[in-house]
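Participant: Please model the complete structure; the sequences and the hints are all you need to start from.
Those sequence lines, one after another, are chains W and R. Every letter in the first sequence is one number past the one before it in full-length UniProt numbering, and letter 125, counting from 1, is 125. Every letter in the second sequence is one number past the one before it in full-length UniProt numbering, and letter 153, counting from 1, is 153.
It is possible that part of the hints are untrue.
Which copy is meant is left open, because identical chains are indistinguishable; a pair holds if it fits in one copy or across any two.
As the list claims (entries may be wrong) - List of simulated lysine to any residue pairs, SDA-like, C-alpha gap at most 20 angstroms:
{"id": "1", "residue 1": "K143", "residue 2": "L49"}
{"id": "2", "residue 1": "K18", "residue 2": "A62"}
{"id": "3", "residue 1": "K18", "residue 2": "R38"}
{"id": "4", "residue 1": "K143", "residue 2": "E173"}
{"id": "5", "residue 1": "K18", "residue 2": "R2"}
{"id": "6", "residue 1": "K143", "residue 2": "D169"}
{"id": "7", "residue 1": "K18", "residue 2": "A37"}
{"id": "8", "residue 1": "K143", "residue 2": "D171"}
{"id": "9", "residue 1": "K143", "residue 2": "H161"}
{"id": "10", "residue 1": "K18", "residue 2": "P34"}
{"id": "11", "residue 1": "K143", "residue 2": "S175"}
It is worth saying that the hints were derived from the structure and are not from the lab.
There are 2 protein chains.
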Amino acid sequence: MRIGDLSRETGVSVASIKYYLREGLLPPGERTSPNQARYDEAHVRRLRLIRALVDVGGLSIAGTRTVLAAVEDPHVSLHDALGTAQAAVMTRTEPVEDDAAARAEQAVAALIERRGWITNERNPGWRTAVDVLATLERLGGEKVAGLLDVYAEAMEAVAPHEVEAVVVDEDRERSVERMVVGIVLGGALMTALRGMAEASVSAHRSGQAAADRAG
Amino acid sequence: MRIGDLSRETGVSVASIKYYLREGLLPPGERTSPNQARYDEAHVRRLRLIRALVDVGGLSIAGTRTVLAAVEDPHVSLHDALGTAQAAVMTRTEPVEDDAAARAEQAVAALIERRGWITNERNPGWRTAVDVLATLERLGGEKVAGLLDVYAEAMEAVAPHEVEAVVVDEDRERSVERMVVGIVLGGALMTALRGMAEASVSAHRSGQAAADRAG
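Facilitator: So, in C-alpha cells, the structure goes:
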C-alpha cells in the first residue's frame with residue numbers, strides 16, 4: 001500500500017508517518033519510484049505499536065526508539081528487554097552530588113537489602129529512586145520520601161503478576177513486543193487507577209461537596 | 001540578582017531560564033533597564049520546582065504550566081489541585097470509538113463499582129484507564145488488562161498514605177506546591193521501585209545468569 005493507504009488504515013496522519021520514518025521508528029517502505037514507496041502489514045502493526053507507546057504510554061521519541069531497537073535485536077534476551085522497557089518509562093537526570101544525594105543512596109541501598117530484592121546499581125530504577133528521594137528532600141517532601149516501604153510493598157504485590165502477564169511464549173520478537181506494551185501500558189494503567197483511588201480518599205476527607213465533584 | 005546569578009545559584013543554564021520565562025513557567029523579573037531584569041529568592045524557589053517537575057518527575061512543559069497555575073491560583077482548592085497534579089502525570093489521547101473502547105468503558109465502570117471508589121467519568125484517570133485498556137485489547141495485551149484488580153488493590157494500599165503525606169497544613173500556595181511535588185515525584189519513585197521489584201522477580205525466574213546481571 002502507499003503512504004496514504006497506510007494513513008487511512010491506521011488513522012495516523014501522513015505527516016506523523018513521515019516524522020516516524022525520519023526518526024527511524026518506522027522502517028522505510030520498499031521504494032517503487034524516486035518519490036514513492038510501498039508499505040505492508042508489518043508497517044501497519046509497527047505504527048499501531050508506536051502510537052500505543054507514544055500516545056497512550058507517554059514514552060518520548062528517544063525512549064520509543066530504544067524499546068523498538070530491543071524488539072528488533074535478536075540478541076536481546078527477554079530479561080534485558082524488560083529492563084529496557086522499564087528504563088524507558090523512568091526519568092533520567094544528571095546526578096547532583098550533595099548531602100541529600102548521599103542520604104538517598106543509603107536509603108535505596110538499605111531498602112533493597114531490607115526487601116531482599118535481587119537488583120543492583122545498574123538497574124535504572126536504582127538511579128531514578130536515588131534522584132527522586134534526593135529531590136524530595138531538597139524540596140521539603142520528606143513525608144512522601146517516607147513512603148518508600150509503602151511504595152515498595154505495593155510494587156512487590158504487583159511485580160510477580162506483571163512479569164507473569166508480560167512473559168509470553170511466542171516467537172522472540174512477538175514476545176518482546178508484548179512485554180514492552182505490557183510494561184509501558186501497565187504503568188499508565190496503574191497511574192490512572194492511582195488518580196481515581198486518591199480522588200476517592202480525598203473526597204472522603206473533604207466531605208460531600210468534594211465527593212459530588214469527585215474530580 | 002541578575003539572570004547570571006540566578007543561573008549560578010540554581011545550576012540551571014541561562015538558556016533554560018530564558019526558555020522557562022518565554023513559556024510562562026517562570027514569572028518575569030523586575031525590569032531594571034531595557035535589557036536587564038532583577039530576580040529574587042522566589043525565582044530560585046520556582047526554578048527548583050520546575051526542574052523537579054520536568055527533569056525528575058518527567059512532566060511536559062504544558063503539564064508543568066497547568067500545575068504551576070494551580071499552585072498560584074488562590075481559588076483552586078487542595079482537592080482540585082490534587083486532581084490537576086494527577087492529570088499532569090497521565091497521558092491523554094483522542095478517544096477512539098470501537099468495540100474495544102466500549103468494553104473498556106464497561107470494565108472501568110464495573111471496577112469503580114466493585115471497589116466502592118468515590119469517583120466518576122470527570123476524573124482524568126477514568127478516561128486514561130479506558131484508553132489504556134482498549135489499547136491493550138487492540139494490541140493483544142489482554143493478560144495485562146486482566147491485572148486491573150491487582151493494580152487497583154495496590155493503588156488502594158498506597159492512596160491513603162499518599163494523600164496523608166501530601167496534604168500539609170501551611171499557607172495555601174505552599175501546601176499546593178508540596179502536594180504537586182508529592183504526587184509527581186511519588187509517582188516517579190513508584191515507577192523506579194516497580195523496575196527493581198520486577199527485575200528481581202525476573203532474575204529469580206531467569207536463574208543465576210540473569211541474577212548476576214540483575215539489570
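Participant: Looking at the structure, which of the earlier hints fail to hold?
Facilitator: Failing hints: none at all.
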